[in-house]
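Chemist: If you're matching them up, the sequences are chains P and U in order. Quick note: this note's numbering has the first sequence finishing at residue 358, numbered continuously throughout. Quick note: this note's numbering has the second sequence finishing at residue 358, numbered continuously throughout.
Every clue listed holds true.
Derived CB-CB ranges, DEER-like:
hint	chain 1	residue 1	chain 2	residue 2	range
1	P	199	U	229	58 to 66 Å
2	P	259	U	84	33 to 41 Å
3	P	249	U	332	44 to 52 Å
The hints are simulated quantities; they were obtained by calculation from the structure and are not laboratory data. Just so you know, these numbers come straight off a predicted model, no measurement behind them. Even for Gly, the Cβ is constructed at its ideal location relative to N, Cα and C.
There are 2 protein chains.
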Amino acid sequence: MGESLRASFSSPESAGSWMASDEPDHDVVVTTRIRFARNLDGFSFRSRLTDERSKELEAHLRERLIGLELASDQAYLSLPDLDELDRELLFERHLISLELARGSGPRGVFFSRSRHVSVMVNEEDHLRLQVFGPGQNLAGLLDQMREFDQKLAGRVRYAHHPRFGYLTSCPTNVGTGVRLSVMLHLPALVYSKEIEKVFNAAAKMKLAVRGFYGEGTSYLGDFFQVSNQVTLGRGVDKLHQDVSKVVPKLVDHEREVRRTILKENGKGLEDRIFRAFGVLSYARRINSQEALELISQVRLGVSLGILKGLELKTVNELLVMSQPAHIQALEKRDLKEEERDVARARYIRQRLGRPGAE
Amino acid sequence: MGESLRASFSSPESAGSWMASDEPDHDVVVTTRIRFARNLDGFSFRSRLTDERSKELEAHLRERLIGLELASDQAYLSLPDLDELDRELLFERHLISLELARGSGPRGVFFSRSRHVSVMVNEEDHLRLQVFGPGQNLAGLLDQMREFDQKLAGRVRYAHHPRFGYLTSCPTNVGTGVRLSVMLHLPALVYSKEIEKVFNAAAKMKLAVRGFYGEGTSYLGDFFQVSNQVTLGRGVDKLHQDVSKVVPKLVDHEREVRRTILKENGKGLEDRIFRAFGVLSYARRINSQEALELISQVRLGVSLGILKGLELKTVNELLVMSQPAHIQALEKRDLKEEERDVARARYIRQRLGRPGAE
Chain P
1 MGESLRASFS SPESAGSWMA SDEPDHDVVV TTRIRFARNL DGFSFRSRLT
51 DERSKELEAH LRERLIGLEL ASDQAYLSLP DLDELDRELL FERHLISLEL
101 ARGSGPRGVF FSRSRHVSVM VNEEDHLRLQ VFGPGQNLAG LLDQMREFDQ
151 KLAGRVRYAH HPRFGYLTSC PTNVGTGVRL SVMLHLPALV YSKEIEKVFN
201 AAAKMKLAVR GFYGEGTSYL GDFFQVSNQV TLGRGVDKLH QDVSKVVPKL
251 VDHEREVRRT ILKENGKGLE DRIFRAFGVL SYARRINSQE ALELISQVRL
301 GVSLGILKGL ELKTVNELLV MSQPAHIQAL EKRDLKEEER DVARARYIRQ
351 RLGRPGAE
Chain U
1 MGESLRASFS SPESAGSWMA SDEPDHDVVV TTRIRFARNL DGFSFRSRLT
51 DERSKELEAH LRERLIGLEL ASDQAYLSLP DLDELDRELL FERHLISLEL
101 ARGSGPRGVF FSRSRHVSVM VNEEDHLRLQ VFGPGQNLAG LLDQMREFDQ
151 KLAGRVRYAH HPRFGYLTSC PTNVGTGVRL SVMLHLPALV YSKEIEKVFN
201 AAAKMKLAVR GFYGEGTSYL GDFFQVSNQV TLGRGVDKLH QDVSKVVPKL
251 VDHEREVRRT ILKENGKGLE DRIFRAFGVL SYARRINSQE ALELISQVRL
301 GVSLGILKGL ELKTVNELLV MSQPAHIQAL EKRDLKEEER DVARARYIRQ
351 RLGRPGAE
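Full structure from sequences and hints, please.
Modeler: Structure follows, in C-alpha cells:
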C-alpha cells in the first residue's frame, strides 16, 4: 500500500485543492468539515471492548463499508498494516485523527478522496464518519453526510436510544453525534489579540475553537476550527444554525481588524508579510511549525493583495505539503528531522520560484 | 555647505571604496586607520581652555591646515556651522568622532577624501590627525602619516617634552600620541563565542578591541577595531610591530573557526546567511542596527562563496549607506526614525536587485 499512498499524497496538484481558493470568503474561510459519531448495537463502547471483539467489529465494518461502493477510488486501510509514515500522511491530510494515527489495536480508515469522505473505525467511537470540502459549505456537506449516514444505516445497526438519540462513547456527543467545523484563517485577530474575545464569545454560545489539526492540538499558524461543543439536546438543524450564524460574524470581525491594522500600521503589516516571504524564499532549513507560521503570513499577504503574483492555491499547497510526512512522501524516503527541515526549505523555495544554488 | 556635503556623501559609488574588497585578506580585514594626537605649545589642554582661547586656537589651526594645500578636494568645516545631519554624516563616514560630532564649543574638521585624511580640531586634544584606507596597510599609512605630521610640525609648535614625548590630554596617549587600528570582520568568532578569548588575549598584549565606530561605541555587526591601548614608553615602530603581529593571527583564527563551522554545521551557517539575505531583500522597514547585523551575515556569505552574484563592494556600500544620516542624504531630506527605516529597507532592496512593488 505504502508506495501508492505516498505517490498519491505527494502530488502537490491535489494538495492545494481541498482548501478554499476561489470560494466566497476564501480570504478567511479555509475548509468545512462535518463528522458523525456512531456506534453499533451489540458491541460495547471502545473503552470496554476486548481486543478479540475489536477485531470482529473492524472486520464487520470493513466489509460493510467496502460494500457501499461509494466511489471508484475508495480504499479501506487497516492502521496496524501501515507504517508510521503512511499513518502520519493520513493524519496530516485530515483523513484520520491523531488518536487513530498514533493509537493501538485493530482500527482502520475507509476513504474516498474524490468524494472527500473518510470513515474512522475503532476511534473513540466505533465509527466516525467525516466529509469535508473547501470554503464554507455546511449546508451542502450536511446533505451529503445525511445521505451517506442513511446508506450506512441500511447496512449496520446503529446504537440509538429513543429519548437520547445516538449513543456515543463520550457524553458530549450523545444525541446527534454531529460535529460541524469550519476552519478559519484569523491572523489579524491573533495579531491584535482579539482572538481571546472570540474564544470567550464562542464558549458562551457553546461553540469550541480548536487548532489546525482539531481536538487536542494547539493553535498553529493562526488557523482555527470553530465547531459545536455539545450535541445532546440540540437537533442537527439547530447546530447548523448556531455554527452558520457565528462564521460570518468571525469573517467580518477578522476583515474589520485587517482593515484597521492596514490603516493604522500598514507598513508594519507589509513588513511582516514580506519578511515572511523573504525567509520562506531563502531559508536553507525550516521546521514545520515555523513554516506554518510564515505561510500564514504569506496567506494573509495574498488575501490582502499585498503579495502579488502568488496564487492562494499555491499557498494552500505549501500548507499541506510542508508537513513532516508529506515532505518525506515528496522525497520518497524516510528523513530524520534535520533532513526534513532541509528538504522542506528546498521545496518551499522551489514553489516560490527561488530555487537558488543546490 | 550642507548641500554639497550631502550630495558627495550620497554617492554609493564612493561609499563602498574605502573598505577592502580586493586587497589581500579582505574576507576578514576591512580598513586600517592611524591617528596622531597632538597639542600646541602655548595653549592649555582642551579641558582647561576657555571658550575665547578655543576660538583663537581653532582660527590658528584652521589657517595653518588650509595653508598645507594638501589636496584640491580639501575642506575645513567648523562644526557649529553644520546642521545635525551633516555632523552625523561626517561621523558615520569615520571622518570625525562621536565626541566631535555631538560635542559643543569651537571645533572643526579638515579633510581630504581623495587623500583619506582628516584632522579634528579641538576634540580631546587640540589636533587629531587621521589617515585611513582599505585593507591592512599599517606600513603604508604610517609613512603617509609621518610625512603629513612633519609637514604640519613645520607650521605649528607641537607640545613636546624631551623625556615624555608628545604631551596629550589623556595620559594613555602621551609619548607618540599614536593609535594604530585595524578593523576586522569577525562573525565566526562572535558566533562561536571565541571572541571573548580574543578580548582577553588582546588585553594581555595591551591592545584594545573596540566597536564599529571606535571609542565608546558598542559592538555592531561583528565588526571590531583592534588597536594599541597605550603609547607611553613604546616607540611607533614597537606599536606597529605589536598590531602587525596580532592582526594575521586574528585573521587566521577567524578563518579557522569559519572552516570548523562550515564543516560541523554548514547547513546552519548557510541558513543564517540566506535568511539574512532574504530579510534584507524583502523587508519593508529595517532599523540601522538590524541592517548592520544582517549585512554582516551577508558579508560573511559573500566571503565564503555561499552567496554568489553579489560583490563585496556592494556589501561595503550597504554598510555605509544604510547608516541613519546617509539614508537621509540619499533621500535628500530629514526623515523621522520610522521614515528612515522604510527608506533604508527600500534602498537595500533596490541594491540587492529586489525592488518589489512600491
